[in-house]
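*Asks:* Each residue of the sequence shown is one higher than the last, beginning at 24 in this note's numbering.
Watch out, some of these pointers could steer you wrong.
[As the list claims (entries may be wrong)] Keeping only pairs whose Cα atoms sit at most 30 Å apart, straight-line, the calculated DSS-like set for lysine-lysine is:
hint	residue 1	residue 2
1	K51	K113
2	K59	K113
3	K51	K118
4	K113	K96
5	K38	K25
6	K59	K118
Rather than coming from a laboratory, the hints here were simulated on the basis of the structure.
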Amino acid sequence: MKRADKKEQIQRIRKMERHFGRASSAIKQLSAALDKYEEAQESISALSDYYGSEDWKQDFADDEARLLPQDLKRGVFSEDGIWNLIEANKELQDKLYSAVIVQR
Numbered sequence: 024m025k026r027a028d029k030k031e032q033i034q035r036i037r038k039m040e041r042h043f044g045r046a047s048s049a050i051k052q053l054s055a056a057l058d059k060y061e062e063a064q065e066s067i068s069a070l071s072d073y074y075g076s077e078d079w080k081q082d083f084a085d086d087e088a089r090l091l092p093q094d095l096k097r098g099v100f101s102e103d104g105i106w107n108l109i110e111a112n113k114e115l116q117d118k119l120y121s122a123v124i125v126q127r
């Protein structure tokens with residue numbers, strides 16, 4: 024093999040190693056993120072059931088009447104917050120579905 028060809032070969036191998044490293048890292052990160060996402064589906068389902076339910080309405084009314092402890096977190100009373108979370112979850116599911124269909 025000529026010296027110029029050997030140099031190209033080494034550059035090619037280094038380039039492929041960079042691709043390999045980036046792809047391996049991305050796959051590991053995505054796999055871990057998908058595991059967490061799957062685990063979060065139970066929480067998202069519970070929030071979806073709670074949002075707008077009689078319990079949520081009563082909890083919201085009690086909060087408005089200042090019957091709940093002041094140090095209690097109130098993120099679940101933000102209608103936009105829960106709604107946006109549920110919608111973001113649906114959009115992500117669509118994106119994941121599209122990614123699976125396109126890649127196969």
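*Asks:* Compare the structure with each hint and give your call.
*Replies:* Consistency of the hints with the structure:
The hinted pair formed by K51 and K113 meets the criterion: a straight-line CA distance of about 24 Å does not exceed 30 Å. For the hint pairing K59 with K113, the CA-to-CA distance comes to about 16 Å; that is within 30 Å, so the pair holds. The straight-line distance between the Cα atoms of K51 and K118 is roughly 19 Å, inside the 30 Å bound, and the hint therefore holds. For a cut-off of 30 Å, the pair hint linking K113 to K96 stands: about 25 Å separates their Cα positions.
Restraint check: the Cα-Cα separation between K38 and K25 comes to about 20 Å, which is no more than 30 Å; the hinted pair holds. A hinted pair counts as satisfied when its Cα atoms are at most 30 Å apart, and K59 with K118 qualifies at roughly 17 Å.
Of the hints listed earlier, there is not a single one the structure fails to meet.
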